[in-house]
Amino acid sequence: MFILKHLFCFALKILLLRKGVIYVINTVLNADEINQLLRRYGVKFGIYKNGQFKEQFFPFDPIPRVIGADDFRVIEKGLVQRADALNKFLFDIYHEKNIIRDGVVPEDFVYISSGYLPQCEGLTPPENIYSHISGIDLVEGKDGEWYILEDNLRIPSGASYPLIARELTRMASPDVFKTNGVADNRNYANLLKDTMDFVNRGGINAILTPGRYNSAYFEHSYLAELTGASLVQNDELFVEDNMLWQKTYSGGKTRVGTLYRRISDEYLDPLTFNLESLIGIPNLMEAYRSGNVAIMNALGNGVADDKGIYYFVPKMIKYYLGEDAILKNAPTYLPFYEDDRDYVLKNIDRLVIKDVAEAGGYGVIFGSDLSDEKIENLRQTIKREPRRFIAQEVIDFKDLPILENGEQVMRKADLRAFVLSGETTRVWASGLTRFSRNPDSFVVNSSQGGGFKDTWVLSR
Amino acid sequence: MSNISIEHGDRLYWLGRYAERFFTTMKSLERLHDKVIDRDSEHYKKYLECFGLPDTYGDSKNFFESFILDKNNTCSVAYSLERAYDNGIVLREEISTEALAYLQLAMDKLYGLKGNSLKGLAVTLLPLQDIMFSFWGCIMDNVHSEEIRNIIFCGKYVERLELYIRLKYRYQLILREFERLCTVLNRIPENTPYRFNEKQLSVMEEIIRDSERYSDSRNEVLSALAKLFEPSKRKDLVT
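Protein chains in written order, with the working numbering: chain A, 1 to 460; chain B, 1001 to 1239.
The following block holds chain B by itself, in its conformation from the complex (with noise of 0.2 Å):
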């Protein structure tokens, strides 16, 4: 077993939380954009409606620019960038300098871009998404320790499985995307701190497996997912 210390724990694990919902949101507003230029202008409310919050932006300018460059709005994409490097900058010996560097260039992108580049948000937001899918390779490749990898992608699948429920994603891929977390899951070790609750993962089973079910049960699965880590067991678990 690896010498990951509590700390770093959840530093992996936060790493790729936020680096999945940086890119994750960028994604789904990649996919809001094509639906307001043409079809539906305020279409944006829709989404903070998935996030139980209210419409303090006006128009769907001031709204992208808050949700992409606004580093003190908590749902925006700079905001989860520089969570992701907050997390990833104390890494730089589990994750590698080269994979760090990944976060620096997005932060580094994503500060170069000014407002009217947002016009042609697709196009903008393109290169942000390469290099995340450059970072993910990099982990893939330079971290060796399995179990810090799992770590870092429990996060990872715990956070898209929570944004693709709450946006609202098909039911085909919230299946999907549990699949996959359930496949990370069962490769963390027993008596760590990120091996799951196994009461909140058959909640989470039962009601997904289930399609009817699953569309009147989104919220409890949602309170599952948050439960799946009891934090309690983690400080259990300290010297």
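Extracted from the complex, chain A is given alone in its bound form (with noise of 0.2 Å):
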């Protein structure tokens, strides 16, 4: 066993094949350098313990995930297909409805959904694009396929990590990227900036986030240093004759022309949602109306990545953009359908099965790990609720290197992929790649305990 404690450098040879392709890539990691470095500049993730906030280092694992040039391509035409059918989509629900009245998504799963909002029928955010940052959870099979797991387009978050990651593993380890030819992913802020840019509506940019305490403020402070936006609570913000500005502490105001909120919608406007938000800023819905301040991303984007909506993804990008999806879903069933659901409760021992209403890894049940007894209850509450859960096949997906106590261990891990729309839609060279760091597990969330790993993509 080769044991790493007192040596800081190693070296590793990474074999990746891909579609008859190999790339030999040589990285000289210098990984304990690298975990005191992302220590120093504060890389850390909340998450509250038995009612205590506590804040933690993110576990990084130095070993990247490698994407070949030729392979980035089609995932990056996969997934700008995704974003563009995702946002016409998200348009219609809230404009015509056409893909209703046309049969494609059955109207049961658009109004029930708890991410559809009402409040913003009609309404047609800035420049027409709702989903402004959408994280697109991929894993690739043992198979080489890339599939989607789920579409987040509310306020997904992670790019930072990777974002700042790179930038001290180059510090460290500058050698490994003068030979392998990875795409710079350090334009990621740049991105976020056009997009903020293209859609604002006169003013700052703002970045508003519900403050230290919330499990991703290393990122919403980050990109705020990074994009030069405005990093504000709400009680800095207060709309005025319908538009949105900050209070500055000499007695004046800013306007703000676009605001990247980092709060869910249902606390954004007491005023419109939930009347006990604290962190909301009253009106705001007003001025959003109005069309004098852009929301990023827009409101109501929760009916589009809901899960039981993910299922009909394919479909949307057949009848919005007349294709066929690139990228493929995980095999999935809704029990909403009685073959499906006569499919599920048959299967439901070898199945994942997902509850629409959770996030974070939560909600999440393997078929496998239950007891009978389990098997059943859950039987019958599919029965009750066929429209609360979704199942899918479980996906055989491709295990990856991390260091373990020095020693490679092989571990499930998933891929964050992050699609900018503004003026174009673009898919930034890199993503989150969240990794389990327990061996039996398919749950990589960070929340769960998950640590993360940069994502190179080759640039040639």
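It cannot be assumed that every hint is accurate.
[What the hints assert, rightly or not] Not close to chain A: a few residues of chain B, all C-beta gaps over 10 Å, as computed:
no., residue
1, F1051
2, R1092
3, L1113
4, Y1164
5, R1170
6, L1173
[What the hints assert, rightly or not] Dumping the calculated PhoX-like pairs for lysine-lysine here, alpha-carbon to alpha-carbon at most 20 Å:
no., chain 1, residue 1, chain 2, residue 2
7, A, K54, B, K1071
8, A, K328, A, K142
9, A, K374, A, K346
10, B, K1027, B, K1061
11, A, K44, B, K1109
12, B, K1061, B, K1114
The hints are simulated quantities; they were obtained by calculation from the structure and are not laboratory data.
Backbone N, C-alpha and C fix where the C-beta goes; we use that ideal spot for every residue, glycine too.
Dock the two chains into a complex; use the hints.
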């Protein structure tokens, strides 16, 4: 066993086999130094345990996920197609609803979705863009095929981690980047700023955070720093004359033209949504409805990233773009449909069942993990509330190597890709690779102990 | 004028204060430690008197451990650093990730100290002082807005003057730091929360410029310093 205790440097050779092409990636990664740098730069996320807030360093694994240039071209095309179709779907749902009228998506799935907001009916966001930042989760099957696991169109987080990890890895191990031809991912802030500027209605760009005790606070503040946006909390903002303003400490006010909000729809405006929200801005919806401020991402997007709607995305792509989906969904069943329900009830012990109302890796149940009694209970719940669940085949996705106590072990990992929709739709040539630290687990979420890797897209 | 929010204005000021409290407390403990080595092992009690604190420590070893490492001791190095970090973490876009990293680095370094490393206190604290010099250099270099820099430095020099007065540093140092504070204060624009109260500043000026009067009127200076920025005035400015 090769124990990495006092040795800072080690060498790895990763052979990446893709459709007959072998890339040899020589990596000389200074793992300890990179982790020290991440610590020094405060790369943390917050979690609540037993009612107490704790900040943790996000475990980083220095072996990158590597995506070949050819593979990425396909992924990029597929993600642009998907984000464009989802944006068209959102416009349609809050306006003409042609996709429902034409029977492509059943109305039950739209109006029952908790993400559907009747308050957004007829409301057109600036430049007609709903999902400015789409965080799309994919996995790579052992067959080399990429599958979409879910779409995150509300407030997807995570881009800052590979962004800063790359910056620090380049500092710690510059030689790695001399020869490997890795696409530079440090343009994320520019992409984000371009997107904010494109929809800006006049005024500054601001990032609205719930505050320091939010799990993603590091990201909020880091992106504010990199984009030059003001990092604000709700009590620094107010609406006057149907415009959004930031109070300044000298008693003045500055107009906000784009609000990149990092709080959920239901808390954004207590006069329109949750009356008890203490983190919202009264009358924000009026300013938004008047077209005086762009809100990123738009309100009401939850209807499109609902786990139930996910099933219909390939159909949306066909409907709006006249194209076949380039990236496949994981094989999914909707117990809402009788045939699918019968299949799910029969095969429940080998499927993964997801509660559509849950997120962050919660509400994901692997049938194979359940006792007979629990399986029976789940069957009854599905029969009672078929709309509440989707079921998916367990994809045998590729394990990735990670370092654990100096040893290389294999773990499940996914990829969150970021698509930015502004003047054009662009895919960030990187992404957040999250991995499970538990050898038996498919759950990769940081809130459940997962770690992260950088994602290298090869430029040649 | 910068788009500084009310909360961030306060945070910038308190970042300056706590970062300086962290630094000056370290330096003063280092001087004190030098005295207790071979001159007066109970000299730490005089330090406590400067802050009106009772001796609950029993000996200098416990005193130093508490004043350096105890996060619950509001006069400790650790406490000041934690508060500096608390303020800094919400100011990343104003002060930069690089500057914030120095505070994180200082925390890692401080919490890595063991009780027995406090024996050679001066050497032990030296890397922390190096980090803070880098922090301030980073603030000078990375914070482009003069207005933001001035608020931070305003906090820094208010804190330094207060501690120097409390710790009864020699008169020339008090005068020097007072002049330094005045330079920063004069850069703060009128009608902003950290514009000084003229009456309080002239009280301080009259006393500090007169060395004899100063030695009898330290408390008056401290009282004027505490009222240099009126919180009520800051509230009035809220839209």
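So, against the hints stated earlier in the document, which numbers end up violated here?
2
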